[in-house]
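There are 2 protein chains.
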Amino acid sequence: MPGEFNLIEKYLANRQNQRKDVDLALGDDCALVQPPENARIAISTDTLVAGTHFLPDAKPEWVAHKALASNLSDLAAMGATPAWVSMALTMPEPDESWLEPFCDSFFALADYYSVQLIGGDTTKGPLSITLTVQGFVPRDRALCRDGAKVGDWIYVTGNLGESKAGLDVILDQSNRDKPFADKLEQRHYMSTPRILAGQSLLNLASACVDISDGLLADLSHILHRSDVGAVLNIDALPVSEALTAFCGSHEQALKYALTSGEEYELCFTVPEAYKNMLEGALAHTGTQITCIGQIRSGNTLELLEDGEKISDDQQLRWLAEGYEHFKG
Amino acid sequence: MPGEFNLIEKYLANRQNQRKDVDLALGDDCALVQPPENARIAISTDTLVAGTHFLPDAKPEWVAHKALASNLSDLAAMGATPAWVSMALTMPEPDESWLEPFCDSFFALADYYSVQLIGGDTTKGPLSITLTVQGFVPRDRALCRDGAKVGDWIYVTGNLGESKAGLDVILDQSNRDKPFADKLEQRHYMSTPRILAGQSLLNLASACVDISDGLLADLSHILHRSDVGAVLNIDALPVSEALTAFCGSHEQALKYALTSGEEYELCFTVPEAYKNMLEGALAHTGTQITCIGQIRSGNTLELLEDGEKISDDQQLRWLAEGYEHFKG
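Residue numbers (UniProt numbering), protein chains in the order written: chain P, 1 to 328; chain Y, 1 to 328.
I should point out that these hints are in silico values taken from the structure, not numbers from a laboratory.
Hints are not guaranteed to be accurate.
Same chains, same names: a pair is fine if it fits in one copy or spans any two.
[To be verified] For lysine-lysine, the following BS3-like pairs were computed, each having C-alpha atoms within a straight-line distance of at most 30 Å: (1) Lys-59 x Lys-178; (2) Lys-275 x Lys-149; (3) Lys-178 x Lys-20; (4) Lys-20 x Lys-149; (5) Lys-309 x Lys-10; (6) Lys-275 x Lys-183; (7) Lys-10 x Lys-149; (8) Lys-255 x Lys-59.
Starting from the given sequences, assemble the full structure and let the hints guide the process.
Rendered as structure tokens:
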């Protein structure tokens with residue numbers, strides 16, 4: 001528009017291979033796509049705002065990765081196969097030195113998962129990115145939050161806690177001297193959406209969520225929607241040596257693992273009968289998984305540490321500390 | 001998220017009837033929808049930013065209508081039937097007195113077109129709204145910009161120019177004493193997406209665009225994509241008595257009609273052979289249409305006023321004046 005940016009032609013159009021199910025991408029009033037037969041569409045929308053979800057001076061390539069990876073993680077949590085993405089990009093001024101690395105990183109991740117950018121809007125205003133991703137799940141299956149049953153085992157992918165440690169580094173430069181500070185900062189932005197793991201879990205998991213608000217909060221979403229309780233063994237939480245070194249103790253690293261948000265790992269539940277098939281089903285994805293607890297009746301989440309029950313007060317404090325975004 | 005708003009449960013969830021093709025709306029990692037067989041999906045994303053697309057103190061019910069209507073207008077321009085919408089809402093602080101009228105207005109318009117809100121993200125930051133709307137078009141038809149042929153007639157729906165007059169009122173209080181100022185201000189925000197007209201044109205129009213950047217700019221999009229030229233009769237542009245009274249002369253009202261953006265009327269082209277079917281096809285929609293010119297060969301847009309050709313210089317000046325969004 002006159003008086004508005006039109007960055008789409010220059011930065012976003014014609015950057016990708018055309019998917020066969022995309023009849024029309026950028027350049028008309030709408031995109032036109034052909035959904036597959038016998039599939040449902042999974043759709044998720046997420047916004048990253050400068051000052052809230054990333055610092056305004058964060059590397060643009062990291063911001064692009066975080067924006068797309070966090071959205072793809074929602075598809076992964078449903079077991080969906082990614083297909084299309086729409087981008088709304090708001091910037092104070094067109095800035096080539098920011099846009100180029102942003103777009104390079106965005107399309108690198110999109111291409112890796114065969115996701116095509118089908119639509120976009122570029123507007124003038126405070127820096128923010130809203131993406132709407134779409135993917136496919138079978139007509140009769142998807143990984144929802146409401147399927148966990150008493151007796152199911154609780155698993156997580158990957159290691160937990162590093163995103164929170166990375167945030168410590170980003171927000172307080174005094175943490176930059178700690179071990180693995182740079183690695184953890186990068187990990188905060190550059191997560192790996194667990195797309196392959198999610199797809200492989202479609203026939204095995206009874207419920208699934210991606211860890212964006214922190215394990216305690218996100219597992220609680222499963223419990224609430226499934227109307228069940230759980231016991232969770234803090235000692236079992238998977239933490240990296242880098243995180244333990246950064247935190248100074250294994251115990252502190254475990255606390256990070258409990259509450260760290262924007263991890264974009266999956267937390268899922270598996271019936272006893274399918275437990276022994278898990279490793280085989282995930283082998284081709286190279287995804288580490290760890291059993292961290294079990295679903296039980298009731299509506300409470302009981303935390304155990306060294307076999308001792310953590311008090312409700314302590315648990316509430318952890319949940320309240322929870323995951324804090326960037327502040328202005 | 002802790003430290004983030006979760007306004008979805010309170011303001012957005014359970015406000016609507018459930019469409020039969022929506023298996024899962026708000027409350028999980030993704031929405032799940034069932035696309036119809038033998039249809040393609042039309043998708044459009046648009047952002048409204050406070051200070052750019054509306055003044056921060058604009059009535060929230062008007063902002064909500066403008067956000068959804070401008071997105072639905074993109075579906076109308078493809079001839080699509082609306083189905084689903086995702087909303088990303090960014091606000092500095094949760095503000096009930098703003099959210100309630102915003103949501104009431106949003107859902108009133110959504111319900112009118114049987115559009116269901118399937119996903120949302122509410123984040124902390126400068127006020128903005130990004131919507132992604134989706135609708136259906138047949139597998140073998142859609143109103144694109146690239147189908148105009150030499151000899152086709154050029155039409156617009158409704159009256160033009162009122163949105164620009166409304167903007168005059170919004171930006172300069174001294175215009176509030178002019179005739180119909182309040183009506184035109186409201187018209188700026190409260191457009192009628194031409195959904196029914198778009199659907200009715202699916203078998204008749206060779207090209208279509210919605211007027212968001214101004215008639216001159218948007219008709220140029222059709223000409224560019226269709227690789228044709230056109231002649232446009234300024235005298236034929238449909239303007240209301242209210243606009244003429246506000247502008248002080250019919251001539252000035254016609255200038256507004258040429259460049260006024262965010263009109264959300266349709267501009268479309270129709271082959272000679274279908275011209276006499278138009279009125280019958282649109283009769284049930286109650287949509288006024290006006291023939292304003294004709295497609296011809298070449299790549300130029302010739303403007304005629306009283307049968308006299310407007311100079312290219314004048315035309316460029318109009319195009320450059322074009323449509324300006326709110327400034328800061």
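Now the hints, each set against the structure:
1. Lys-59 x Lys-178: within (21 Å within a copy, 50 Å between copies)
2. Lys-275 x Lys-149: For Lys-275 and Lys-149, only the intra-copy Cα distance (14 Å) is at most 30 Å; the inter-copy one is 63 Å.
3. Lys-178 x Lys-20: neither (48 Å within a copy, 54 Å between copies)
4. Lys-20 x Lys-149: between (40 Å within a copy, 27 Å between copies)
5. Lys-309 x Lys-10: Cα proximity of Lys-309 and Lys-10: none, with 58 Å in one copy and 34 Å across.
6. Lys-275 x Lys-183: Neither way: Lys-275 and Lys-183 sit 33 Å apart in one copy and 66 Å across, limit 30 Å.
7. Lys-10 x Lys-149: between (51 Å within a copy, 28 Å between copies)
8. Lys-255 x Lys-59: within (28 Å within a copy, 46 Å between copies)
In this structure, the hints that do not hold are numbers 3, 5, 6, in rising order.
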